[in-house]
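In our numbering, the protein residues as written are 20 to 326.
Source of the hints: derived by calculation from the structure; they are not laboratory data. C-beta atoms are modelled at their ideal positions from N, C-alpha and C, and glycine is treated no differently. Hints may contain errors.
The list that follows gives simulated cross-link-like pairs (lysine to aspartate or glutamate, DMTMM-like), each with its CA atoms no further than 25 Å apart [stated by the list, open to error]:
#, residue 1, residue 2
1, K269, D247
2, K269, E232
3, K101, E150
4, K163, E150
5, K53, D91
6, K53, D85
7, K166, E181
8, K48, D91
9, K163, D55
10, K101, E140
11, K48, D85
12, K133, E122
13, K61, E122
14, K133, E181
15, K48, D96
16, K101, D85
17, K101, D91
18, K101, E156
19, K163, E87
20, K215, E181
Derived CB-CB ranges, DEER-like [to be verified]:
#, residue 1, residue 2, range
21, L236, F272, 30 to 36 Å
22, V50, D85, 17 to 23 Å
23, K53, P78, 39 to 45 Å
24, L183, V259, 17 to 23 Å
25, G104, A76, 48 to 54 Å
26, T188, A144, 22 to 28 Å
27, P47, L183, 46 to 52 Å
28, H145, V259, 30 to 36 Å
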Amino acid sequence: MSRRLLTVLLGSAALLATAASAATPPPPKPVVAKADMAAHQKMLTLDTHLDTPEHFARPGWSMMDDHEVHLDGSQVDLPRMKAGGLDGGFFVIYTGQGDLTAEGYRYARDFALKRAVDIREMVAAHPDAFELAFTPEDAVRINKAGKAFAFQSIENSWPMGEDLTLMQTFYQAGVRMAGPVHFRNNQFADSSTDPKGKIWNGYSPLGLRWLAEANRLGILIDVSHASDEVVDQSVALSKVPVIASHSGAKAIFDHPRNLDDARIRKIAESGGAICINSVYLVASAAPSPERKAALDALPRPPRDEAT
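All chains should be modelled from the sequences, with the hints used to inform the complete structure.
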């Protein structure tokens, strides 16, 4: 990925509930200095982790409408991208972790393929506003044409099951970045947040093959959510720099998902990038009972253990 594309790295995570948010007042709009806005507008900007595709299948929800996070939990749409000076980003194919079984793998594969279709359908429905991007050069060209560029990424490679040929399938569908693991350990790697602890002490044997295949295909390796050992092994073994698409600094907030200073330096020294997340920056108040009830009411995949 070009240095210019990584000028502004805006990690994001839209994992909030919707129904209970209606009672929450809208946040105050930030005041941005004219000089800061002028500098921002000169940059080609991207968000390296857009969870927005989780809304694409919602009846009546459109990427072209101006939504409110306190009403529907969404954080990104085209009007807000324009207002914030966001030129594009990585639209995420996310699958919450479930069973490491043949049935679980089939479910996850089909769910992820459908999410990839959702992204393509959104872009195809608005050809004057969005275009799929596959290379840094695509992003520059699309931006010059006055449209938003849409890269695709995978959060949690559980959908690959034990069939690494699926990585090429997703690559051909447009995926250019992938993380091996999410909130729970899987067949590829240890998570930073699995309450059961480590099972692989980093990558599994299959996970090491996953890493090599990602390198071969040209899929950027995303270490966000991965255990410290996976981060270390990714930096050491990957033939190209890695990225943490939505992580924070452990020195600021000591959360398992965040990176300590040594690993931040290690990623930077290898030529990689750390993109600051919008959550896990500081300790937050416990969710209200209403918000918890709304989260519990959301549909989940079978045996889903995602947060």
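Straight-line alpha-carbon gap K163 to D55, limit 25 Å: Distance ~21 Å between K163 and D55 Cα, so the pair holds.
25 Å limit on alpha-carbon distance, applied to hinted pair K215 and E181: Given that 25 Å is the threshold and the Cα spacing comes to 22 Å, the pair holds.
K48 paired with D96 [C-alpha distance capped at 25 Å]: Satisfied, since the Cα-Cα distance of roughly 16 Å is no more than 25 Å.
Hint consistency between K61 and E122 [alpha-carbon to alpha-carbon, up to 25 Å]: violated (49 Å)
Outcome for the supplied range 39 to 45 Å, where the beta carbon pair is K53 and P78: With Cβ atoms ~41 Å apart, the hint holds.
Restraint check for K163 with E87, where alpha carbons must lie at most 25 Å apart: Measuring from Cα to Cα gives roughly 28 Å; hence the hint is violated.
Proposed proximity, D91 with K48 (alpha carbon, max 25 Å): holds (18 Å)
25 Å Cα cutoff - pair K101, E156: holds (21 Å)
25 Å Cα cutoff - pair K53, D85: holds (24 Å)
V50 versus D85 beta-carbon gap, inside 17 to 23 Å or not: The hinted range 17 to 23 Å holds for V50 and D85, with Cβ atoms some 20 Å apart.
Hint check for L183 and P47 - Cβ pair distance inside 46 to 52 Å: With Cβ atoms ~48 Å apart, the hint holds.
Assessment of proposed distance window 30 to 36 Å (beta carbons of H145, V259): Holds - the Cβ-Cβ distance for H145 and V259, about 32 Å, lies within 30 to 36 Å.
Consistency note: the structure conflicts with the earlier hints numbered 2, 5, 7, 13, 19 and 25.
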